[in-house]
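Could you build all of it, start to finish, from the sequences and the hints given here?
These protein sequences, in sequence, are chains A and B. Counting with this note's numbering, you get residues 60 to 204 for the letters of the first sequence. Counting with this note's numbering, you get residues 101 to 375 for the letters of the second sequence.
Just so you know, the hints here were simulated from the structure itself, not pulled from any lab data. The beta carbon of each residue, even a glycine, is placed where N, CA and C say it ideally should be. Careful: at least some of the hints might be erroneous.
[Stated by the list, open to error] Label pairs and their computed distance ranges (CB to CB): (1) B:292 - A:128: 55 to 63 angstroms; (2) A:180 - B:235: 23 to 31 angstroms; (3) B:339 - A:120: 43 to 51 angstroms.
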Amino acid sequence: MKKLISAALIGFFAAGTVAMAETDDQVLLSLGSAKASSALSIDISSTGQTSAFSFVVPLPAGVKADTSACLSKLPKDFKGGCKFVDGEIRVIAFSEKLGALPAGVNQVGIVRLSGLKDASGLKAYQVELSNNQGQAISSKSMTVQ
Amino acid sequence: MNSKKVLLGAAVSAVLLFAAPMASACALSAWTATNGTIIAGQPNDATPVSRLSGLCAARAAAIGDFVTDASPTGETTYQARFYYYTGNVTGARNVFEGRSAAGASNLPIRVQHNGTSLIFNTNGSATTATAPVSANRWYAVELAWAAGAGTGSLAITVTDAGTDTPSFTQTIGSVNNGSDTIEEARLGFISGTGTGAANFDAFDSRRTTTPGRLCRGDANNSGTRTGADATAVINEFVNGVLATGQPDANGNGQVVGSDASSIITAFLNTGSACP
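Structure representation (structure tokens):
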């Protein structure tokens, strides 16, 4: 079931954001539910330049996050981490081979949220996507619920 | 060094770096004077010079290798910050002096390195402050001095450049230095004994405001710590493209993969904002 939800979300982005993906590097957050918890899917729309990214997602009070699969879909040369601390999810990763995510929508991973009642304010902040020279190329993000 | 930024208002106005504005040789030309054989260099020179910030730093290898800043004039308050790479030295040598007109016989500020500690003294007080340091590491040294007849002071902060939190703070107070003024600063191996080399970087002095520390791990000099900084570290290590900010996030004198890891950890612990 979880795989179906994730696949459906990715399918949505793949089908619905093709034009955007060709011109924008940005963080894509999408929320689905899986029984008692919600699944926050993290994807990156890349023009083929994104070599690193970082952002934070503040969560409503009382919400808990399991970040163990946060970067699970990234290419193996990407290193980084996710942490749920001080009421926010912090996500950071970079290619240790100075590679880049392929053009299009790239799966990053999933964060499981528990206790989420109102997702209307869910948004990424401090967004930075950068190229393999360490230069920022975008600070865009989009949340789909 | 050929970069000297003049600050307006109440600042002493010496931000003395060691970097050239373009990818050319490093220089010491913005300092008032140089003594001995102190050099400015960068990590990819034939004789590599480790730097903490920007492209260049200064390296002293013998007693008498130092630079002089004559910007201060009759200063009754003085704040300075510099980064010091301890190297592997023996003996004790003065590495920073805030000097009055009396010269070496009356030092309002003296910072000495003996290989294991930085030792701080100020004229007008018998109190000595001793900050333990390790070999081959960068440290931020922050000083705030004020003159006063029994009310003078020297506030000292030492921070391992691989951390965001000071490792040593002490204020020498009740200093009887009402007639002292600072007329000159010296940085390097000014006097003393022993062997070994050490590096100096990012000197900043002001009359009243605090220079503060540079953003550790802000490798691309953007003012934040993000994934781009980790990439800049890897780009320097792999391709030799020197990062323009502070890529040596763990302060060990080398820009390597562990610095990228330090940046990742800093982001996860505190977010992208510099402390």
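*Could one say that the CB atoms of residue 292 of chain B and residue 128 of chain A fall in the range 55 to 63 angstroms?*
57 angstroms, holds
*Outcome of range test on Cβ distance (residue 339 of chain B, residue 120 of chain A; 43 to 51 angstroms)*: Hint holds: Cβ distance 45 angstroms, inside 43 to 51 angstroms.
*Do the beta carbons of residue 180 of chain A and residue 235 of chain B sit within 23 to 31 angstroms of each other?*
50 angstroms, violated
Comparing the model with each numbered hint stated earlier shows that hint 2 is the single one that does not hold.
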